[in-house]
Amino acid sequence: MISVHLVLFLIFGAVCVAGAINLLAQSHPINSALSLVVVMGALAVEYLLLGAEFVAAVQVIVYAGAIMVLFVFVIMLLNAGTEERTKGGSYVAMIVGIPGMLAGSALVAWVLLTHSGTKSVVAGALPGSPAQVAPLLFHEFLLPFEVTSILVLVAIMGAVVLASHPNSDPKKEKT
Amino acid sequence: MGIGTFILVSVVKIAVALFVLLTAVAYTVWLERKVVGRIQNRWGPTRVGPFGLLQPAADGIKFLFKEDLTPPHVYKPLYIAAPVIAVVFALTSIAVIPVGNWVNVGHIYTPLQITDVNIGLLIVLGITSLGVYGIALSGWSSNNKYSLLGGLRASAQMISYEIALGLSLVGVLILSGSMSLREIVQAQSGHFLGFIPNWNIFRGGQFVAFFIYLMAAYAETNRIPFDLPEAETELVAGYHTEYSAMKFAMFFMAEYANMITVACLAALLFLGGWSGPVFGPDILQAILPVFWFALRIFIFLFIYIWVRGTLPRFRYDQLMSFGWKFLLPLAIANLVITALVVVLKG
Amino acid sequence: MVPLPYYLILSGILFACGVTGFLIKRNIITIFISIELMLNGVNLSFVAFAAQWGKLSGQVFVFFVMVVAAAEAAVGLAIIIAVYRTRETLNVDQVNLLKL
Amino acid sequence: MTPNLHLWLIPLLPLIGAAINGFFGRRSSRPAITTVALVFSGAAFATALWVASQFSSLTPPYHPEILASWIRSGTFRVDFSFYLDQLSLVMLLIVTGVGFLIHIYSVGYMWEDAGFYRFFAYLNLFMFFMLTLVLASNYLLMFIGWEGVGLASYLLIGFWFPKASAASAGKKAFIVNRIGDFGFLIALFLIIKHFGSLDFMQVFGSVAPFVRAGNEGVLTAIGILLMVGACGKSAQIPLYIWLPDAMEGPTPVSALIHAATMVTAGVYMVSRSHVIFEHAPIALTVVAIIGTLTALFAATIGVTQTDIKKVLAYSTVSQLGYMFLGCGVGAFSAGIFHLMTHAFFKGLLFLAAGSVIHAVGGEQDMGQMGGLRTKIPWTFWTMTMGTIAIAGIPPFAGFFSKDEILWQASRVSLVYWGIGIFTAFLTSLYMFRLWFLTFFGEYRGTAERSDGHDAHGGHGDSSHTEHGHGGIHESPKVMLVPLVILAILSIVGGWVGINNRFEKFLSPVFRPGMTAASLEETAAPKTSEMEDSRDHSTEMAFTIISVAASLLGFALAWFLYYRNPQMPQQVAASLGAFYTTVVHKYYVDEIYAAVFVKPLIDGSTQVLWHGVDQNVIDATLDGSADGALEASDVARHMQSGNIRSYAAWVAAGAAVVIGYMIWMGTR
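Chains as they are written, first to last, in the working numbering: chain A, 1 to 175; chain B, 1 to 346; chain C, 1 to 100; chain D, 1 to 667.
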């Protein structure tokens, strides 16, 4: 089963990377969004392999099922076409950003490969079923939980205020 | 059992489940036409076969051989992908639905269920929530204002009602203390007060939740009275205006498959699953629960059709305000009360 | 048995892709999507570390990240809509009033 | 124990008056302003009198009064503390008394002036600072008063600031005083450095051992620097030049500040720090020489002046010279004595002169006066008293004090005495010259042409306004009353000095034994046997000689300016160059302008302004500003308003941070 685990990891990891690359390659935002959905789905499987089944489920339901739908919805609403290649733009992003990003990731990769030991995790190493996650979430992390709830409330109100015409019913734009 | 047998059994189960499901879909369509016909004082399909029983097959063949034309201005990749997505997700969710007890076929002891995961319910919810993409993308990619409006409506409506749907199920989860559909069903076994079955709708007092679930399920499946995405009178056919032939059939299948899925969930969560009087020889003991389960599904679907034949359509803002201002608070209240009861009973 | 660094490197790749998308994309929505990609990469590393140290806290953190991401998506998309209404474009290079 | 005298009340009262008049005077009526000013200055005077009545009961006659702690750093501490001894008591009475009288006088004199409230606010302010100066119990507080009176005098000299000459005169006074204050400050620093305190008693107490430790040089330096300060304030050579110009101010100001009180602050300061001077004979000699020279010098100038106030101004300078001479020969009590009497008669003379000027409608040139005797009898008689007093004819006040000083000077060196006698002769000469020119002969002025009775002192004094004035007339009562009082004082004021009562009264302050000892150090040995042998006879002889000198001066004045008034021109012509030199005040102002002022201005303009300020400081500043501009012009391109470039910077920064942390971690 070990090999199966590794194989599954590699397969879905490849799917993840492919999705990410596609996200970059596609020039149409909706394709990017969908490829991100693919990435999320594959990540959910990775979570399952790690045993975090509840996380995986929430990943699918909340992330892929709600947030990304919101993205797609907005893309449809604005009917965003393929992005136009404006000249000028930011050369800094190319000159500084890309090398910086590459350098940073190279450093991180080097550290991971050399200093993080060779500890391995078996499939389902840490069973994160709702029954195990719930106590943690509602006892130890109760305060953050409530705070995030308030955050969400504020975010909803802010979204309504931002996205609504002064003379229109906010509900339609909120979704 | 070894991995080989595991894979074999899985494949067999998948094939059977798909066959049964698609057949059910086809005959749900037939059933609907018949029942609505009777409600509207018509006969419905009668020509093909006895009582028009072969009508679904005829429709299928028609869909298959009809010209599959693609309008010029559509965004092709998604236009093609959308129905596939819709039908795939609709069919996938059947994978975790148990239809009966464990059975012993030959010397293989296996559940009547493709796979039993302990978060089955969550998986179902997730997959159905992904089903939105099919409709939304179809609406958008077909580059047609009717379709776009339909798609927007559909996605907004489905996201809104998902919340009420999920919250209405939480009460059941609290009662049964598990997310595995099988365990939920087992938690509803037995009777109380001598004869009343131990179903959540009775015992757990989840009839409010059941009502909410019913409403939300209609909305989720874009059925009357919430079928605004495909409101013929205003949007021609909504998101699948531009679709024809097999693609259209895929949306059709997806819709009815979703109906069956929600029916299964309703049966499993509220109506005690496949529990029922079991007697007779082993084979009968194996079959009877499936029968009881199918019966519940049939009743549920009948209500679906009945409602369709009866009720008019909502207005869109009515739909939204109904979902957000009525169902959602009701579901939350039900959740809180259930939780309190469970805590107080210890 | 999968060595933990694999997960971490996968998450790193995803994060790097997100950064790159942020850098090379001109469409606000795409940039926003890249941000979500970064968040996903981080989540993966959270879960992986949770598995390594045997602490579920890591997974709980993922929930918080998701909630924050949801809030961020709501507000951010609202902002995008507002921007589109006012400037009729989604190209960030043309939404650069924030200069001296 | 000694009763609490509440000395702080005395300076405070005028301050309150100044505040009230200064803040609310603009909108209040003249009677109200008058009331405030007079009430508060009078209250100060009354308090001073009460203090004087209590004074005999004080034991010891040194009465410190610490009000608040001001500076505490380590062992060095300065308090807001007043103290009272015979010396400060005398000064207190002079300042408050004469000040009060002049307040009264000013009411009449300034009545018509627009800046009525301003004038009294300044006057009260001056009283406050002067009293602070007098009552201070340490050098720093004294310095505050010192600067304060300088400020008040600046404000009052430039009282008619629209007139350019007045403004410049004020500035001149201020600047010249700065020079003196500079010396004073350095002296204070030296005192702090070597005595670690500024409190009079502590400093004076530690002087003797300090000298015994062989630091007489330092002490001499301190003394000379103090003298420099005194020169600035008291208009001594070489810093006297501001006083004549100060006559631009209203006449009461000239009387109060530039004759009676402020200019004597230097004398007070020197006598206050007599201990230092007694232990620094060289400094003492310097004081004496400066005083003598100033007396003679100013007197000679005074003879030739034609402006009545200028004459009085130079006479003031010369009289101050007398005082310093007295201090310089160790006869501090004599100096203070002359200070007192001089306050009486010179104040009187100035006020009378103001009355004269007021009478003839602002004319200050004696050439335009004459024959006023009958027209303004009160002024005439009071001025006569003052003249006789300053001329030093017994039994008037001036005689006693001047005679005392000359006598003490003669005990030190006959040179001082001789010059003093000659100066006395010159003094009576120019004073009687003024007297004759003003009140005798026939009227040479043109005041009749004007009419109307509106323009009084204020406008009259500001000689640019020559408008309406009703003939020649006597001043109002409010101006005459102080004249009379001061006249009486300048008659009897000297009698307190008969057989050294005044000196004995002050003896607790200036311990005569100490003085004698210091004199033995300073003067020639023969002075010491003067003490007993030819003491009384010689004193009589010297007295007679000085009186004779005064009478001679009177006679000469009578001969030149009354019997045959055309004579002076011939004399002047015969004197020729010397006369012109004296008329032009020995060209001192011009010399100063050439030697100090012009180089200073040029240096400031060329070197400091154009050179240092513009080319160095401004250049540095502008350069740095431009550099910052350039740098930020480069850096500002980071803020392109483009989200992606921001993200790029973030990414680069993140890479740097990661690298740093890895480096730290792997090290």
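Treat the hints as calculated values from the structure; they're not laboratory data.
For each residue, glycine too, the CB sits at the ideal point set by N, CA and C.
Careful: at least some of the hints might be erroneous.
What the hints assert, rightly or not - In silico contact screen, one side only, chain B against chain A (beta carbon under 8 angstroms); selected entries: (1) S10; (2) V12; (3) I108; (4) T110; (5) L130; (6) A136; (7) W140; (8) L148; (9) G151; (10) L152; (11) S155.
Practice problem: Against chain A, run the beta carbon of G151/B and see if the smallest gap drops under 8 angstroms. | Solution: 7 angstroms, holds
Quiz item: Would the stated hint for L152/B survive a check requiring a Cβ distance to chain A of less than 8 angstroms?
Solution: 6 angstroms, holds
Quiz item: Minimum Cβ distance from S10/B to chain A below 8 angstroms?
Solution: At 14 angstroms from the nearest chain A Cβ, S10/B fails the 8 angstroms test, so the hint is violated.
Exercise. Double-check V12/B for me: the hint is only fine if its C-beta lies closer than 8 angstroms to a C-beta in chain A.
Key: It is violated, given that the least Cβ distance between V12/B and chain A is near 21 angstroms, above 8 angstroms.
Exercise. Hold the hint about L148/B up to the distance rule: shortest CB distance to chain A must be less than 8 angstroms.
Key: With Cβ-Cβ at 7 angstroms, under 8 angstroms, it holds.
Quiz item: Per the CB criterion, is I108/B less than 8 angstroms away from chain A?
Solution: I108/B check fails; min Cβ-Cβ to chain A is 21 angstroms, beyond 8 angstroms.
Self-check item: Cut-off 8 angstroms, beta-carbon criterion: hint that A136/B touches chain A
Solution: 6 angstroms, holds
Quiz item: Any CB of chain A closer than 8 angstroms to the CB of T110/B?
Solution: Violated: closest Cβ of chain A sits about 20 angstroms from T110/B, beyond 8 angstroms.
Practice problem: Would you settle whether the hint for L130/B is holds or violated, based on the nearest Cβ-Cβ distance to chain A being less than 8 angstroms? | Solution: Interface hint status for L130/B: holds (6 angstroms vs cutoff 8 angstroms).
Quiz item: Does the interface hint hold: is S155/B within less than 8 angstroms of chain A, judged Cβ to Cβ?
Solution: 5 angstroms, holds
Quiz item: Holds or violated: W140/B as interface residue toward chain A, Cβ cutoff 8 angstroms?
Solution: 4 angstroms, holds
Going down the numbered hints, you'll see the structure goes against 1, 2, 3, 4, while the others check out.
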